Amino acid sequence: MAIDVDTVRKVARLARIAEPEDRLAPLAQELNGILQWIEQLAEVDTDGVAPMTSAVAQTLPMRDDVVTDGGNPAPVLGNAPRTDQGFFVVPKVVE
Amino acid sequence: MSELTRLTLKAALDGLANKDFSSVELTEAFLRRIEAVNPQLNAYVLTTPDRALEAAKASDARRAAGTAGPLDGAPVGVKDLFCTEGVRTTAGSRILGEFVPPYESTVTSHLWRDGAVMLGKLNMDEFAMGSSNETSAFGPVVSPWRAKDSNRSLTPGGSSGGSASAVAADLCLAATASDTGGSIRQPASFTGTVGIKPTYGLCSRFGMVAFASSLDQAGPITRSVEDAALMLSSMAGHDPRDSTSLALPVPDFSQFLGKSVKGLRIGVPEEYRIDGMPDEIVRLWDAGVAWLRAAGCEIKSVRLPHTRYALPAYYIVAPAEASSNLARYDGMRFGYRGEGANLTEVYETTRAEGFGEEVKRRILIGTYVLSAGYYDAYYLKALKVRARIAEDFANAFQEVDAILTPTTPSAAFPLGEKQDDPVAMYLNDVFTVTTNLAGLPGLSLPAGLDSQGLPLGLQLIGRALDEGTLFSLASTMEQAAGFTARPEPWG
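Sequences listed follow chains X and L, in order. Under numbering that gives the first Met the number 0, the first residue of the first sequence carries the number 0, and numbering increases by one thereafter. Under numbering that gives the first Met the number 0, the first residue of the second sequence carries the number 0, and numbering increases by one thereafter.
Mixed in with the good hints, there may be bad ones.
Stated by the list, open to error - Subject to a maximum C-alpha distance of 30 Å in a straight line, what follows is the list of computed DSSO-like cross-link-like pairs (lysine-lysine): (1) K9/L - K258/L; (2) K299/L - K261/L; (3) K56/L - K18/L; (4) K9/X - K299/L; (5) K417/L - K9/X; (6) K299/L - K258/L.
As the list claims (entries may be wrong) - Taking beta-carbon pairs under 8 Å as the criterion, some of the chain X residues facing chain L (in silico): (7) E18; (8) A24; (9) L59; (10) V65; (11) G69; (12) P72; (13) F86.
As the list claims (entries may be wrong) - A few chain X residues that don't get close to chain L, going by computed Cβ distances all over 10 Å: (14) V10; (15) D21; (16) E38.
Just so you know, these hints were derived from the structure itself, not from any lab. What you are looking at is a predicted structure, and each value in this text was computed from that prediction instead of being measured. Note that the Cβ used here is the ideal one computed from N, Cα and C, for glycine as well.
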């Protein structure tokens, strides 16, 4: 088994997803099923192959580093779960 | 008047131009049909009747004034993955909640620029992750098609299941869709409709809810090849707000319809003859070859030796990109927020309660393959295999001008049948995912029915930016196939 319960717990923590303890073993099994199927990639000879990082043969366009938008707090805050006087309200970060 | 909803986009535009009917009449016909049929199919997750009628009135005024655009007055549906200003957009997820975008996606803004009328937002697999529309927070979409002598509800495919079902069931003239591994072409194949995923970069991704950014492309689902050309001509186009958008002029794709395909070389890849593929699909593929040969094409066998590695590579690349893209859903600035004693707990409950099981599964895989110690073995390896797959196509396109394959390894399956086996579900995309990895255009068109009376599609794959050749070939095949079957009437 490539992935055990501790690994699932750690990965879920990294992904900031609360997984209850009783879900960890089934998840490990599901993820192992998928990863075992993925293992066949090891058969492919990729010596000297450069990783393909873009689907288009195009260099990223550059533009002048100037402000092009902004000054609209109302639409920015419009979908926030909680706001107060023009600010997002989030749980306390610093004790 | 109900017949209006059965028109192709082209026929409807001609009817509007001839003043046979108004956009208001056409829009009202669709709104009535949606009201009658949508409760059974669950294709729309939101309808916008007031906005639609207002747009239709404005369109009729433009037409009277002689200033109508190329799609003026045509009622269309929008996959709920495209942000629509002032209209709720959820990507089929609970985590977006009642998110109302303050901006419009570039693709939909092009449709409105050309006069199209929005009927509403179409159901989809959550964040476009799925092949059956069963991962949607709004429940599955039902296909208007049924197998002979059966009442079982079938999947319309996914992730653009709402788009495909709505087009097939006459709930809109055409629909926007998106394709990361086959999400336009597989549902089109399952529902007897036409779908094209264009070359990566042809349609702007601005305002599309992101799944896997290096693979996502927008495209239409329509009732005819000509309709697909009309829709894509509008949806495509350069956009400085998407850095991967190609700075090229968009041709009018209609000009390629009916163009002679004589002398074109068509590749048939042996690697797509997979074990266990139904004979019916093999026979249909052979029929497609015969149609193109009869039209003067030269048929050649080609090798795409890395085909079988495409899906496993995809299931590293796509979840890796998704785990990064979906990190933005933290419950702070928009969407759903869960409860928790501190910031980390709020993040963790927000994401646990807001995401569905398949999305969580993919985020976990993506997080795992990108984590320290596994990055080279999984992610980097997959990117190298991706290069091999692109190289396969580059080699094949030295010898041929387009490639013909089946779109899917089976016809539509009953809802619930493959839900418990992720890998079995993933295999739906075995023939479509290769073009996403290579960034190439792929078009699916209906080619026939299987013995159960269900539609099957064939796929044409082209060189990058050679959608024109695909449209010429597809219009030739469409004529030869003479596909006129329709699902049983609904509503």
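Compare the structure with the hints numbered earlier in the document and write down the numbers of the violated ones, lowest to highest. Hints 4, 8, 10, 11, 12, 13, 14, 16 not satisfied by this model.
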